[in-house]
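Chains as they are written, first to last, in this note's numbering: chain G, 1 to 239; chain R, 1 to 565.
Keep in mind the hints are simulated off the structure, nothing from the lab.
All C-beta atoms in this analysis are idealised placements derived from N, C-alpha and C, irrespective of residue type, glycine included.
Just so you know, not all the hints are guaranteed correct.
Stated by the list, open to error - Derived Cβ-Cβ restraints for the label pairs, each shown as a range: (1) R:Ile398 / G:Ala228: 45 to 53 Å; (2) R:Asn148 / G:Ser132: 29 to 37 Å; (3) R:Asn295 / G:Glu107: 17 to 25 Å; (4) R:Ile322 / G:Pro16: 33 to 41 Å; (5) R:Arg165 / G:Met1: 55 to 63 Å; (6) R:Tyr550 / G:Asp207: 55 to 63 Å; (7) R:Asn148 / G:Asp181: 17 to 25 Å; (8) G:Pro16 / R:Ser542: 48 to 56 Å; (9) G:Asp121 / R:Ala457: 30 to 38 Å; (10) R:Asn295 / G:Gln42: 29 to 37 Å.
Stated by the list, open to error - Just a sample of chain R residues kept apart from chain G, beta carbon distances all over 12 Å, derived: (11) Arg166; (12) Arg260; (13) Ala351; (14) Arg563.
To be verified - Which residues of chain G face chain R? A few of them, derived with a C-beta cut under 8 Å, are: (15) Pro16; (16) Phe18; (17) Ala20; (18) Tyr21; (19) Ile38; (20) Asp40; (21) Asp43; (22) Ser47; (23) Val56; (24) Arg73; (25) Leu116; (26) Val122; (27) Gly126; (28) Val129; (29) Asp177.
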Amino acid sequence: MTFKILRFDAQTDEQPHFQAYRHEPEPYETILEALKGIRDHQDPSLSFRYSCREAVCGSCGMVINGRIALACRTQVSELESDEVVIEPLPNLEIQKDLIVDLTPFWEAYRTFEPFLQAAGDVPEKGHRVAESDMEKISQYVTCILCACCYSACPVATRDRRYVGPAALAKLRRFTLDPRDDRPFSAVERADGPEGVWGCDTVFRCNDVCPKDVRPADGIEGLRRMIVAGKTKRLFRRHP
Amino acid sequence: MLSYDLLIVGGGLAGLSAALGADPGFKVAVISKVHPLRSHSVAAQGGINAALANRPDGADDTSERHAFDTVKGSDYLADQDAAELLCRRAIPTIYELDHWGAPFSRLENGKIAQRPFGGAGFPRTCYAADRTGHILLHTLYEQAVRRNITFLDEWLVTDIIVRDRRLVGLIAYDLAGGVIIPIRAKAVIFATGGYGRIFFRSTNAYINLGGGIGMAYKAGIPLKDMEFVQFHPTTLFGKNILMTEAARGEGGYLVNAKGRRFMEDYTPKTMELAPRDIVARSIQAEIDKGNGFENEYVHLDLRHLGREKILQRLPGIRDICIHFAGLDPVDQPIPIQPAQHYSMGGIDVDATCASPLEGFFAAGECACVSVHGANRLGGNSLLESIVFGRIAGESASIYLRGGPSEVGGDREIAETARALMSRMRSVHERDVGENVFQLLNRLKRLMSNAAGIFRDAPTLSRGLEELAELRDAYRRVFIYGNCGRYCQEMVVLVEFEHMVEVAEVILLGALKREETRGSHFRRDFPKRDDASWLKHTIITRSDKGPVVTYRDVQIGPYAPQERKY
């Protein structure tokens, strides 16, 4: 089989180029294993991020035959093609080969206080939380911050200010958590084009997410929450 | 030169917990060769132990019983005061994690849910479905973001600098910048994880090369009990992705090719929920007897649990099976085989996480306190990482508050950085030589053959001889690419040098220990021998090679007895 892999070193190259490798995958071989095989036996200079190889660390998002996916979770055979084209995630600067600069993604992640803010001290016997409440956030806590959604998002492509789906899904996760005590004003910070109103609801994030987080559900939920919160405030002011 | 009071190396659970435990008044940074959320802690599945006694059938559980199970599971090699400390601190640790937002699964009354695990007398393992490591790593990272902790992501530490028997600094390779960076530090905590990928079959992330442990050894810090290597009983055949112990905790069966639940022949009382060393050995024995499928694996059968329970409690396992093996455990049994999983041994530290080198601390899987002894119980590693990570952060802060005197060291730091650069240049200038990725593959084969589940003197000795050949081949290593930034060839090249040391210490410790205890099974010495071997192996590097000494185990209330399950 032929693997056409995008090569680029921002320090030395002017233009990226594709390099073709011949490699015969084993049954059930993943794209990540194929990349490792090519690197170990043909070209040790090939660079790509990897860690867990089981779709939980979020390192190996890339574009495989035009589709954004985790390399470790993609079987070569499922592509049903004799040629595999592998490119780095779009929407982010290429640093080296398949490695992109994730700085904008991590900055976006930090925008809306991505941590639980519980009231008071640690309760002596722990919090009491209904399992049904934990189930409500379970889709969001499955997120591995692989940046596949950020790369696929057409709004993030054209508007650098937009934080993207993952950061908003994270905020939604905290607002749904009964232990979280952040004031409405903290949620309201996402009430703008860089936040929930930036999304143009084409659901590319839901399509590419390897963990079925459905970030657009979170954005939708935050929109409802913000509108409801502002309406409530309006009525409080004008009884 | 960059300068810090405290550098924490590793951004997994132990490293993050250390950062959260450190006094924020000091200048602290976490250095990690990958983004912290890519650390191997993220892959832990089944859960974290604490005697919360939340379930009616666990109402009598106490931290003493947790300590007893831990000590018995360790085959009595754990230091009992350290095990008691771990289990005592477990309970407030879980409640703090809960307060920080860890989305634990819940019981009907809203309390944190607990499940049975191997070698535990009560359902004691707290969990979030089967992604407990994932949710805990994200929770701690979130709190670190909240505290504005400094992160130096994608920096690989390459050397530890010592002067006058004191730690004075580190050298790092900044992958994104492609440069070598010398750093001054008053104290360092290593939280660099295990060495799983020194073995051919391992559940560990590809990045778990164990470089940190080897680096500490090269700096003169002793390693403890390195011969104790945990093999997890249930890993997906071929891929060796972990199939959590929770699959058996929730009621899964182990079945051989004859359709028999063979654990009946080994541990009839606890069946599939005996400790890992015993279950892994039983599975391998079945395969070796010809009772496996294709002479390679047995079945982990979950079908009787039913679709709903599998979807609710083991969704990650199901997803892995579907995507990596093309089968749905709701309808089909899972082919599994044992594989390397965890390193009980590590950098020799005491219960304050201090090593014999002043200013140098270690926590988590790279360290050996020891709380796991010869075999770790499932659910105790996340716990150990978080509890002892925290203790390491506190201890290093106490050390810094004591105001360690200035010993300088800038010259040594700069010289080591220059030496590394010139070594890399000379490796670079070679046109032919050994490919480091292929040397790594050879090392993995060697270790799996020599120091697997079953060991004996001839294979261990042969392993040591072959290792000397590999050491020799490494001298001829070269870099293929024009490699500056994100040069993973260089990462493996640097780590390989340390891995060879780790491999030697494992093989040597295993060869010397002429008994069977926990995970260390000697075919030629198949019995535990407390009279001669109830002691820790301590191996220290010297100019003449490794020096092996022994240290007594700290026995507390639990007198060693025969281990029956």
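Hints versus structure:
1. The given range of 45 to 53 Å is respected by Ile398 (chain R) and Ala228 (chain G), whose C-beta atoms sit roughly 50 Å from each other.
2. Against the hinted window of 29 to 37 Å, the Cβ-Cβ separation of Asn148 (chain R) and Ser132 (chain G) comes to about 34 Å, which satisfies the hint.
3. Checking the proposed 17 to 25 Å range against Asn295 (chain R) and Glu107 (chain G) shows it is violated: the Cβ atoms sit about 53 Å from each other.
4. Checked against the hint of 33 to 41 Å, the pair Ile322 (chain R) and Pro16 (chain G) passes, with Cβ atoms roughly 34 Å apart.
5. Range check, Arg165 (chain R) to Met1 (chain G): about 56 Å between beta-carbon atoms, so the 55 to 63 Å window is met.
6. The hinted window of 55 to 63 Å between Tyr550 (chain R) and Asp207 (chain G) holds, with their beta carbons roughly 59 Å apart.
7. Restraint check, Asn148 (chain R) to Asp181 (chain G): a C-beta distance of roughly 20 Å satisfies the suggested window 17 to 25 Å.
8. The beta-carbon spacing between Pro16 (chain G) and Ser542 (chain R), approximately 50 Å, falls within the hinted interval of 48 to 56 Å.
9. Judged by the Cβ atoms, the range 30 to 38 Å given for Asp121 (chain G) and Ala457 (chain R) is violated: they are separated by roughly 57 Å.
10. A beta carbon spacing of about 32 Å between Asn295 (chain R) and Gln42 (chain G) agrees with the range 29 to 37 Å that was offered as a hint.
11. At roughly 33 Å from the closest C-beta of chain G, the C-beta of Arg166 (chain R) stays outside 12 Å, upholding its exclusion from the interface.
12. Under the 12 Å C-beta cut-off, the non-interface status given to Arg260 (chain R) relative to chain G holds; the minimum distance is some 28 Å.
13. No beta-carbon of chain G is positioned within 12 Å of the beta-carbon of Ala351 (chain R); the least distance is around 23 Å.
14. For Arg563 (chain R), the condition that its CB be more than 12 Å from all CB atoms of chain G holds, with the nearest at approximately 32 Å.
15. With a least beta-carbon distance of about 15 Å to chain R, the hint placing Pro16 (chain G) at the interface is violated under the 8 Å criterion.
16. The interface hint given for Phe18 (chain G) is broken, as the beta carbon of that residue sits about 17 Å from the closest beta carbon of chain R, more than 8 Å.
17. For the restraint placing Ala20 (chain G) at the interface with chain R, the shortest Cβ-Cβ distance is roughly 17 Å, beyond the 8 Å limit, so the hint is violated.
18. Annotation: Tyr21 (chain G) was flagged as interfacial toward chain R, and the flag is violated, the nearest CB pair being 14 Å apart, outside 8 Å.
19. At its closest, the beta carbon of Ile38 (chain G) sits 11 Å from a beta carbon of chain R; the interface hint therefore is violated under the 8 Å criterion.
20. Checking Asp40 (chain G) against chain R: minimum C-beta separation of about 4 Å stays under 8 Å; hint holds.
21. Annotation: interface hint on Asp43 (chain G) holds; nearest CB of chain R at approximately 7 Å, less than 8 Å.
22. Look at Ser47 (chain G): its Cβ gets to within about 4 Å of chain R, closer than 8 Å, so that hint holds up.
23. The interface hint given for Val56 (chain G) holds, since its Cβ lies 5 Å from the closest Cβ of chain R, which is under the 8 Å cut-off.
24. For Arg73 (chain G), the interface hint holds, since its Cβ comes within 8 Å of a Cβ in chain R; the closest pair sits about 5 Å apart.
25. Taking 8 Å as the C-beta contact cut-off toward chain R, the hint placing Leu116 (chain G) at the interface holds, the least distance being around 3 Å.
26. Contact between Val122 (chain G) and chain R, as hinted, is supported at the beta carbon level, the nearest pair being about 4 Å apart and thus within 8 Å.
27. Taking 8 Å as the C-beta cut-off, the interface hint given for Gly126 (chain G) holds, the closest approach to chain R being about 5 Å.
28. Hint status for Val129 (chain G) relative to chain R: holds, with the closest Cβ pair at about 5 Å, below 8 Å.
29. Below 8 Å, beta-carbon pairs count as interface contacts, and Asp177 (chain G) has one with chain R at about 7 Å; its hint therefore holds.
Against the hints set out earlier in the document, violations occur for numbers 3, 9, 15, 16, 17, 18, 19.
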